[in-house]
Amino acid sequence: MTDAATPPLVQADDPSDLDLIARWKAGDQRSATRLVERHADPVARFVASVGQRVDVDDVVQETFARAFASLDSFRGESSLRTWLFTIARRLVLDRRRSERRRGGGSRMQAEVQDADAVTEFDALDAVVADETERRMREAVARLTPTQREVFTLRVAEGLSYKEIAAAVDTTEGAARVHYHNAMRAVKEFLDD
Amino acid sequence: MTDCPNGDIRDLLPDLLNGTLAPDQRAEVEAHLLTCEDCQEEMELLRGMRRSMHRVSAPPVADIVRALPAYRAPVRRVGNGWRIAAAVALLAGGGTSVVIARHAEDRGPGGAMAVEQTAVIAPTDTHLTPGTTPASGAPHAEPVAVPTAPRELALASASVGDLSDAELDALVNEIGTLDAVTPPDVEQPATVSPLPPSTTSGTGA
Numbered sequence: 005m006t007d008a009a010t011p012p013l014v015q016a017d018d019p020s021d022l023d024l025i026a027r028w029k030a031g032d033q034r035s036a037t038r039l040v041e042r043h044a045d046p047v048a049r050f051v052a053s054v055g056q057r058v059d060v061d062d063v064v065q066e067t068f069a070r071a072f073a074s075l076d077s078f079r080g081e082s083s084l085r086t087w088l089f090t091i092a093r094r095l096v097l098d099r100r101r102s103e104r105r106r107g108g109g110s111r112m113q114a115e116v117q118d119a120d121a122v123t124e125f126d127a128l129d130a131v132v133a134d135e136t137e138r139r140m141r142e143a144v145a146r147l148t149p150t151q152r153e154v155f156t157l158r159v160a161e162g163l164s165y166k167e168i169a170a171a172v173d174t175t176e177g178a179a180r181v182h183y184h185n186a187m188r189a190v191k192e193f194l195d196d
Numbered sequence: 008m009t010d011c012p013n014g015d016i017r018d019l020l021p022d023l024l025n026g027t028l029a030p031d032q033r034a035e036v037e038a039h040l041l042t043c044e045d046c047q048e049e050m051e052l053l054r055g056m057r058r059s060m061h062r063v064s065a066p067p068v069a070d071i072v073r074a075l076p077a078y079r080a081p082v083r084r085v086g087n088g089w090r091i092a093a094a095v096a097l098l099a100g101g102g103t104s105v106v107i108a109r110h111a112e113d114r115g116p117g118g119a120m121a122v123e124q125t126a127v128i129a130p131t132d133t134h135l136t137p138g139t140t141p142a143s144g145a146p147h148a149e150p151v152a153v154p155t156a157p158r159e160l161a162l163a164s165a166s167v168g169d170l171s172d173a174e175l176d177a178l179v180n181e182i183g184t185l186d187a188v189t190p191p192d193v194e195q196p197a198t199v200s201p202l203p204p205s206t207t208s209g210t211g212a
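Going line by line, the protein sequences match chains A and D.
Here the numbering used here = 1-based position in the first sequence + 4.
Here the numbering used here = 1-based position in the second sequence + 7.
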């Protein structure tokens with residue numbers, strides 16, 4: 005099982021996130037680079053999964069800018085990565101809302117737009133050669149927004165239900181239910 | 008694709024996938040996988056899902072770092088806060104004592120006596136004020152009244168909550184006339200003359 009042996013992104017001898025934050029506050033810009041290198045990919049994956057209609061790079065950049073502007077309020081009660089997911093999620097939701105306002109969005113229109121995510125997701129197919137993978141992406145895209153967030157954080161990032169609950173502003177129990185409902189929906193879609 | 012009836016193990020499959028299980032849990036889940044076809048299928052599905060979700064182009068780290076704000080330490084105003092709090096306390100304490108002292112004076116000699124009696128404390132070498140000997144006359148703990156100004160007595164024993172509406176109005180009016188700290192080279196303001204009884208007792212808010 006090679007995936008199970010995937011090494012963690014932070015090696016044992018690496019400085020912790022809190023150490024790097026302290027060094028950055030002391031004027032060490034390389035620590036900021038290391039923090040971005042450490043967390044940019046997971047944040048980008050999360051944004052790509054939950055916010056198909058947003059410019060991923062743009063949201064990732066703004067996520068880090070906002071996080072670094074308010075690092076004094078980060079107490080380390082959750083992991084830095086979970087905190088970044090929280091910020092990224094808010095940015096995606098804000099952009100969705102403003103997009104809906106611009107379009108004079110009713111609730112029905114908003115739901116239609118969410119359903120349309122599948123169509124827009126097809127744009128990524130150019131880089132997905134494998135038909136099975138394409139089907140898997142489509143299955144994820146058909147989930148409800150909350151199911152998609154929870155499923156992505158659980159499967160792609162390996163977050164615990166507690167961490168997911170903090171990131172998406174829900175309870176551990178609700179996160180578990182969302183995950184299992186998402187898994188059932190994915191299986192049903194792939195079995196069709 | 009069917010679900011394994013062992014929900015606890017299914018719950019741990021994403022953790023096994025991401026390498027976040029403790030060694031003993033990992034051994035337990037791997038042992039289960041050897042004999043459970045449903046979990047093997049689900050694990051294979053999770054592996055494919057994870058692979059597809061990881062297929063996202065890497066964000067431009069250099070651009071992100073360049074756009075980061077410079078660190079600015081938060082500005083702390085602890086000193087000013089203490090000065091403001093001290094000034095408010097001084098104003099409130101001074102104003103309260105003035106009004107309560109007047110209230111005691113308005114009640115006449117009996118009222119003033121009642122206020123003075125609140126300052127009875129344990130025996131000391133302080134001179135005993137005539138007329139303050141307790142009626143009980145306990146020989147072992149003869150209380151001694153400390154001669155203290157009515158204003159200070161009132162401050163020590165009364166609270167703003169005990170004041171009437173008229174007294175509170177007078178207190179608020181007087182606070183506006185007080186200076187928190189009077190510089191030594193500034194002429195002292197004229198003593199505030201006591202309000203007539205009609206002002207303090209007959210005007211409800």
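It is possible that some hints are incorrect.
Computed footprint of chain A on chain D, listed as stretches where at least three residues anywhere in the stretch have a Cβ under 8 Å from a Cβ of chain A [unchecked claim]:
hint : stretch
1    : 29 to 35
2    : 41 to 47
Residues of chain D clear of chain A, computed beta-carbon distances all greater than 10 Å [as the list claims (entries may be wrong)]:
hint : residue
3    : M8
4    : P12
5    : D18
6    : S59
7    : V63
8    : A80
9    : P81
10   : L97
11   : L98
12   : D172
13   : A173
14   : E174
It is worth saying that the hints were derived from the structure and are not from the lab.
Beta carbons: idealized from backbone N, C-alpha and C, even for Gly.
Each hint, compared with the structure:
As drawn, the stretch 29 to 35 of chain D meets chain A at 1 residues by the rule of a beta-carbon pair under 8 Å; below three, the given contact is violated. Residues of the stretch 41 to 47 of chain D with a Cβ under 8 Å from some Cβ of chain A number 0, which does not satisfy the need for three, so the listed coverage is violated. At roughly 5 Å, the least C-beta separation between M8(D) and chain A is not larger than 10 Å, which violates its mark as non-interface. At roughly 13 Å, the least C-beta separation between P12(D) and chain A is larger than 10 Å, which holds for a residue marked as non-interface.
Some Cβ of chain A comes within 10 Å of the Cβ of D18(D); the nearest lies about 7 Å off, and the non-interface call is violated. Against the 10 Å criterion, S59(D) falls within the reach of chain A, whose nearest CB is about 4 Å from its own CB. With a minimum CB-CB distance of about 5 Å to chain A, V63(D) fails to clear the 10 Å threshold, and the non-interface call is violated. Distance check on A80(D): its Cβ comes as close as 7 Å (rounded) to a Cβ of chain A, failing to clear the 10 Å threshold; non-interface status is violated.
The non-interface label for P81(D) is inconsistent with chain A: the shortest C-beta to C-beta separation is roughly 5 Å, within 10 Å. The non-interface label for L97(D) is consistent with chain A: the shortest C-beta to C-beta separation is roughly 33 Å, beyond 10 Å. With a closest Cβ-Cβ approach of about 34 Å to chain A, L98(D) is found to remain outside the 10 Å limit, as its non-interface label requires. At roughly 44 Å, the least C-beta separation between D172(D) and chain A is larger than 10 Å, which holds for a residue marked as non-interface.
No Cβ of chain A approaches the Cβ of A173(D) within 10 Å, the least distance being about 48 Å, so the stated non-interface status holds. Consistency note on E174(D): stated as away from chain A, and its beta-carbon is indeed over 10 Å from all of that chain's, at 45 Å minimum.
The structure fails to meet hints 1, 2, 3, 5, 6, 7, 8 and 9 from the earlier list, while all remaining hints are met.
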